[in-house]
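Trainee: Make a model of the complete structure from these sequences and hints.
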Amino acid sequence: MDFFIKYLLSILIFFPLASVVLLLFINKKNEGLLRNLASILSLVEFIFSVYLFVYFKPDTYKFQFVEKLNWISTFGASYFLGIDGVSLFLILLTTLLTFVSLISSYRYIKDHIKEFVILMLTLETFMIGTFASLDVLLFYLFWEFMLIPMYFIIGMWGTGRRVYSAVKFVLYTLSGSLIMLFGLIYIFILHYDQTGNFTFNILRLYNTHIPINLQILLFIALFLGFAIKIPVFPFHTWLPDAHTEAPTAGSVILAGVLLKFGVYGFFRFAMPLLPAATLMLAPLVIIIGVIGVLYGALVSMVQKDLKRLVAFSSVSHMGFIMLGLFAMSAISVDGSILQLLNHGITTGALFLFVGMLYERAHTRQIADFGGIAKKAPILTTLFMISVLASIGLPGLNGFVGEFLILIGSFNHYMLLTIIATSGIIFAAVYLLWMFQRVMFQGITNPQIESFQDMDLREIITVLPLILLMFLIGFYPAPFLERIDPTVVHFLSMISRHGYVHNLIKLKMGLSNA
Amino acid sequence: MDAKFIITWLIPLFPFAGWFLWGLFGKYFKGYSGYIASSFVVISFILSSILFFIVSYTHGFTTTLYPWIHAANFKAGVSAVIDRLSVVMLVMVTGVSALVHIYSIGYMQDDKGFARYFSFLNLFVFSMIMLVISNNLLLLYVFWEAVGFCSYILIGFWYEKKSASDAGKKAFIVNRVGDFGFAIGIFLLFITTGTLNYETIFKMIPSIPSITVTIIALLLFAGAVGKSAQFPLHVWLPDAMEGPTPVSALIHAATMVTAGVYMIARFHVIFSYSQFASEVVLTIGTFTAFLAAFIALTQFDIKRIIAYSTISQLGYMFMAVGIGSYTAGIFHLISHAVFKGLLFLTAGSVMHGLAGELDLRKMGGLYSKMRTTAITFIVGGLALSGIPPFSGFFSKDAILADVYNKGFYFAWVIGEITALMTAFYIFRLIFVAFFGESNLDPEVHVHESPKIMTIPMIILASLALIIGFLGIPPFNNSIFYSFLHVDFKNAYNFAPFVNSTPWYILSLISVLAGLIGICTAYLLYIKKVVNPETVKNIFKPIYALSYNKVYIDEIYNFIIVKPVLGFSNFLWKVIDISIIDGAVNGIASGFAFFGVKAKRIQNGMLMSYILTLTIGVAALLFYFFIR
Chain A
64 MDFFIKYLLS
74 ILIFFPLASV
84 VLLLFINKKN
94 EGLLRNLASI
104 LSLVEFIFSV
114 YLFVYFKPDT
124 YKFQFVEKLN
134 WISTFGASYF
144 LGIDGVSLFL
154 ILLTTLLTFV
164 SLISSYRYIK
174 DHIKEFVILM
184 LTLETFMIGT
194 FASLDVLLFY
204 LFWEFMLIPM
214 YFIIGMWGTG
224 RRVYSAVKFV
234 LYTLSGSLIM
244 LFGLIYIFIL
254 HYDQTGNFTF
264 NILRLYNTHI
274 PINLQILLFI
284 ALFLGFAIKI
294 PVFPFHTWLP
304 DAHTEAPTAG
314 SVILAGVLLK
324 FGVYGFFRFA
334 MPLLPAATLM
344 LAPLVIIIGV
354 IGVLYGALVS
364 MVQKDLKRLV
374 AFSSVSHMGF
384 IMLGLFAMSA
394 ISVDGSILQL
404 LNHGITTGAL
414 FLFVGMLYER
424 AHTRQIADFG
434 GIAKKAPILT
444 TLFMISVLAS
454 IGLPGLNGFV
464 GEFLILIGSF
474 NHYMLLTIIA
484 TSGIIFAAVY
494 LLWMFQRVMF
504 QGITNPQIES
514 FQDMDLREII
524 TVLPLILLMF
534 LIGFYPAPFL
544 ERIDPTVVHF
554 LSMISRHGYV
564 HNLIKLKMGL
574 SNA
Chain B
3 MDAKFIITWL
13 IPLFPFAGWF
23 LWGLFGKYFK
33 GYSGYIASSF
43 VVISFILSSI
53 LFFIVSYTHG
63 FTTTLYPWIH
73 AANFKAGVSA
83 VIDRLSVVML
93 VMVTGVSALV
103 HIYSIGYMQD
113 DKGFARYFSF
123 LNLFVFSMIM
133 LVISNNLLLL
143 YVFWEAVGFC
153 SYILIGFWYE
163 KKSASDAGKK
173 AFIVNRVGDF
183 GFAIGIFLLF
193 ITTGTLNYET
203 IFKMIPSIPS
213 ITVTIIALLL
223 FAGAVGKSAQ
233 FPLHVWLPDA
243 MEGPTPVSAL
253 IHAATMVTAG
263 VYMIARFHVI
273 FSYSQFASEV
283 VLTIGTFTAF
293 LAAFIALTQF
303 DIKRIIAYST
313 ISQLGYMFMA
323 VGIGSYTAGI
333 FHLISHAVFK
343 GLLFLTAGSV
353 MHGLAGELDL
363 RKMGGLYSKM
373 RTTAITFIVG
383 GLALSGIPPF
393 SGFFSKDAIL
403 ADVYNKGFYF
413 AWVIGEITAL
423 MTAFYIFRLI
433 FVAFFGESNL
443 DPEVHVHESP
453 KIMTIPMIIL
463 ASLALIIGFL
473 GIPPFNNSIF
483 YSFLHVDFKN
493 AYNFAPFVNS
503 TPWYILSLIS
513 VLAGLIGICT
523 AYLLYIKKVV
533 NPETVKNIFK
543 PIYALSYNKV
553 YIDEIYNFII
563 VKPVLGFSNF
573 LWKVIDISII
583 DGAVNGIASG
593 FAFFGVKAKR
603 IQNGMLMSYI
613 LTLTIGVAAL
623 LFYFFIR
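Top line first, the protein sequences correspond to chains A and B.
Residues 64 to 576, numbered by this note's numbering, are exactly what the first sequence covers, in order.
Residues 3 to 629, numbered by this note's numbering, are exactly what the second sequence covers, in order.
The hints are simulated quantities; they were obtained by calculation from the structure and are not laboratory data.
Among these hints, one or two may not hold up.
Below, in silico cross-link-like pairs of lysine-lysine (DSS-like), each with a Cα-Cα straight-line distance of 25 Å or less [to be verified]:
1) B:K163 <-> B:K114
2) A:K367 <-> B:K163
3) B:K538 <-> B:K364
4) A:K438 <-> B:K114
5) B:K575 <-> A:K367
6) A:K437 <-> B:K32
7) B:K163 <-> A:K438
8) B:K163 <-> A:K437
9) B:K575 <-> B:K564
Mentor: In structure tokens:
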């Protein structure tokens with residue numbers, strides 16, 4: 064058991080890869096076995112990751128489950144893993160959503176089952192590796208490897224212009240990542256110049272002293288890499304295409320996990336590495352974020368395709384997260400990190416429901432639906448809960464995150480926060496409008512007459528997400544108490560480098576309800 | 003775990019459990035869910051009454067269930083404040099809810115969504131209870147939204163009807179507009195005071211710059227304007243009548259829509275320290291009272307007439323809290339809850355007897371056919387018109403007398419004119435529906451409603467006759483005033499009394515206004531001294547204005563809805579697709595990447611790709627470890 068806990072991160076990273084090896088030996092004709100085995104293995108992986116949560120010490124910002132091995136000693140690259148309160152939950156989200164996506168695909172994915180499950184599990188390895196790496200080179204490798212399985216998932220099992228979308232997704236992200244890599248290597252060299260040591264260890268790189276002008280240039284380089292991934296307006300146009308054409312599992316992983324990497328990148332790399340530039344450029348980033356909130360919401364209002372609507376709503380939600388992260392008050396960053404999880408849970412669930420609708424009616428056009436509530440009460444109830452979570456209804460998860468972001472940002476960016484808050488009106492407009500057209504009213508499409516309600520497998524697929532919506536909505540403490548120390552440390556890292564706004568003052572002093 | 007803690011949290015627990023039970027297992031309970039749901043609310047009512055006596059004979063207290071959110075320095079718990087104001091509200095909310103639940107058993111009897119209905123009705127009662135007892139603004143906001151959600155789902159209860167699901171959506175969105183202001187008000191309060199706890203905030207208000215207090219108060223009021231359907235956000239409430247009638251009685255008359263008034267009374271410290279904000283409340287209230295009564299004059303849909311009446315009466319309550327007469331506002335809130343709940347339940351009984359008919363022009367002579375309904379309806383009408391000894395007389399006059407004696411003469415005149423119009427429109431409804439010749443569809447078999455519906459009506463009618471007497475001796479010596487005013491002792495007296503005109507003179511004027519309204523309706527619709535059509539033709543433009551609800555929906559559609567949608571389409575089609583994506587694709591095709599792509603992904607090759615990928619990664623890692 065000691066061994067298990069000590070090397071838990073490595074186990075989590077390589078267990079899916081080991082599963083792939085196992086699956087390689089199974090005949091591709093044996094589709095049932097492939098599906099079931101992959102689902103079970105991903106469930107085991109999820110259960111392993113729960114141990115992370117159980118053994119995680121909540122009251123410290125220090126990295127835990129640290130593993131360190133020399134890797135390419137000439138460059139100072141090492142196999143350096145560790146997690147804090149932020150990556151902890153992102154890894155849990157990854158393992159949960161991989162499991163959910165696999166069991167959601169029993170009906171949707173009909174051909175090349177073997178390739179599909181193998182790609183999904185490979186992707187899981189890369190995703191967890193990216194979140195767990197504390198070595199920049201290792202991080203970058205995992206980061207780029209993620210693109211390959213995702214490319215195939217969209218290109219192989221997608222619909223419509225799937226190849227166009229897949230290529231667009233890869234090229235868009237790749238071009239951003241290359242600029243980001245350039246920035247990271249530049250910092251690596253700077254650090255060498257200052258200390259005479261090669262190291263990709265992020266904790267050491269944090270201490271690199273970088274002049275402010277250079278910081279700004281490097282920030283722009285990293286910004287491009289991360290902003291495209293999030294995506295931030297105006298770098299978002301790959302997202303609606305990729306989401307719309309991807310299979311359900313692809314959309315769930317894309318929205319639920321892949322979009323998180325951009326924000327995570329800002330949190331782990333761009334902001335603490337370049338604190339002066341961060342403090343200086345924060346207002347600009349926030350303006351872009353707030354534009355994204357409104358832009359995504361307004362464009363969502365006129366979408367006719369269900370998936371495209373949910374995709375644009377992501378642009379809006381990610382704008383909120385950028386606002387909270389760059390407002391840099393402890394409350395707003397706590398909110399942003401929590402909202403990162405919430406978005407993965409809620410939007411993941413929304414894509415699952417859209418997938419179920421598509422599997423039954425073979426259309427994604429909102430106008431082709433109507434009257435489903437009468438045929439499928441379970442689907443209606445659970446779908447509605449997810450929609451309400453996305454709208455930010457209190458009692459569900461979205462509210463807690465959104466509220467913390469807004470109340471935490473309000474002090475520094477009053478006007479921008481007010482503008483962003485108006486986004487909650489638009490969210491209600493487009494989501495309720497969509498829900499009404501799709502689920503309520505009379506049946507106009509004869510296809511709907513034979514609409515089946517959710518079966519047991521589908522209920523199991525969404526149930527963990529629905530339960531999490533309620534849990535975080537009613538009792539966010541287990542999440543916030545683990546995120547908070549990490550966030551406070553993160554802010555002190557940024558403010559330590561001169562340019563101390565009054566961040567410290569912010570973090571203290573205010574009394575409570 | 004003392005008794006107070008247990009009693010307090012049991013009150014919301016029962017309806018909460020009900021929501022859960024009927025929502026998940028409704029089909030196993032069949033028809034019983036209605037009875038059990040009602041008994042749950044009755045238990046809450048009994049517990050609320052016990053709490054009422056505890057608080058009356060001892061003192062208020064606060065109690066915490068669990069700490070809810072704790073992020074950095076932001077803390078908010080699930081805590082309750084139990085004082086006289088909250089117990090009065092609790093008893094009213096649970097009492098009316100219990101009666102409406104019982105009534106609903108009959109009204110919704112054959113509906114296939116019976117369990118779903120009681121599930122959401124229970125959820126509403128739970129949320130409303132929590133709204134009333136919360137002791138911090140975050141919790142208040144949470145349940146403020148939650149009651150809005152219940153309203154949304156219950157308005158759209160018959161979701162297959164487009165008009166019903168449209169109305170639910172409209173209610174939610176219009177409320178969100180108000181809540182947008184409300185949320186920003188909460189943010190501003192938090193950064194000003196560093197807390198969201200009522201008690202701490204109230205202590206700090208006197209030391210906060212008055213301009214900040216004014217802005218906070220106005221933002222909070224924006225939320226009240228949405229929730230309590232005041233101009234300019236009143237447009238959702240008439241449409242909300244698409245929901246089942248008991249829902250209209252409970253949510254859209256007695257409880258949820260009064261949350262705005264309750265909120266201002268609860269935050270009297272904030273509002274009383276801003277004279278400007280209070281004057282805005284008074285102005286909006288007065289204007290809305292008049293506007294809604296004016297629209298109600300010419301409507302033919304009986305539920306919509308009562309809905310506009312609700313908007314108008316809420317306007318009176320805002321007048322009261324806008325001049326700092328908080329007890330008068332709450333007194334009218336309670337008395338209105340009783341008589342307006344009664345009017346809706348009786349209107350529902352009319353619909354029940356007439357197979358869902360709502361059009362006044364297709365009624366007439368119902369008095370002889372449904373006597374209980376008719377008599378209870380008339381009791382409600384008399385109370386609404388402010389005729390003694392019915393409750394509306396005491397409560398409305400308490401407001402109007404304070405308005406006059408505090409020197410707001412213009413508001414007082416408007417209030418009296420509104421009182422006249424009120425008496426007219428409600429007795430127009432009564433005379434046309436229950437008396438005169440019958441215009442009923444001969445196919446419809448008119449019948450009186452079952453006992454399970456009429457008994458709650460009779461109870462409410464008796465209450466409408468009794469509770470007014472809490473208002474004696476008149477005004478600031480009354481039983482109700484002396485009970486409640488201790489809760490408002492921290493209010494700043496920004497509007498002192500400038501007159502001491504005796505109550506009987508002012509009451510006389512109000513009663514006269516009411517009687518003139520009733521007599522006019524009598525002469526027009528019973529005696530037919532003048533044909534209503536003639537009157538209509540004389541005042542044609544004014545009639546059209548009233549009949550078309552002052553065209554407010556049309557104006558909103560023209561100046562808000564259409565431009566926003568047009569702009570959004572522009573963003574999507576021009577900015578997104580043409581400009582941004584056009585540029586991206588342009589760059590990409592410049593590199594001619596797209597030419598190569600498609601040929602490569604071929605099914606047969608995929609496996610080898612994956613293999614290469616896996617082996618490659620493994621080899622790479624292996625290589626570096628070995629070194």
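Trainee: Just to be careful, I want the Cα atoms of K575 (chain B) and K367 (chain A) compared with a cutoff of 25 Å; is the pair within it?
Mentor: holds, 12 Å
Trainee: For K575 (chain B) and K564 (chain B), compute the direct alpha-carbon distance and say whether it is at most 25 Å.
Mentor: holds, 16 Å
Trainee: Does K364 (chain B) lie within 25 Å of K538 (chain B) when you go C-alpha to C-alpha?
Mentor: Holds. K538 (chain B) to K364 (chain B) sits at ~19 Å (cutoff 25 Å).
Trainee: Starting from K163 (chain B), check that the Cα of K114 (chain B) is at most 25 Å away, please.
Mentor: With Cα atoms ~15 Å apart, K163 (chain B) and K114 (chain B) stay inside 25 Å; holds.
Trainee: Please work out if K367 (chain A) and K163 (chain B) have their alpha carbons no farther apart than 25 Å.
Mentor: Judged against 25 Å, a Cα distance of about 22 Å means the pair holds.
Trainee: Please verify whether K163 (chain B) and K438 (chain A) have alpha carbons no more than 25 Å apart.
Mentor: It holds: about 15 Å lies between the C-alpha atoms, which stays within 25 Å.
Trainee: Given the hinted pair K437 (chain A) and K32 (chain B), is their Cα-Cα distance within 25 Å?
Mentor: holds, 18 Å
Trainee: Between the alpha carbons of K163 (chain B) and K437 (chain A), is the straight-line distance 25 Å or under?
Mentor: Holds - the C-alpha atoms of K437 (chain A) and K163 (chain B) are around 12 Å apart, at most 25 Å.
Trainee: K438 (chain A) and K114 (chain B) were given as a pair; does the straight-line alpha-carbon distance stay at or below 25 Å?
Mentor: holds, 13 Å
In this structure, every one of the numbered hints holds.
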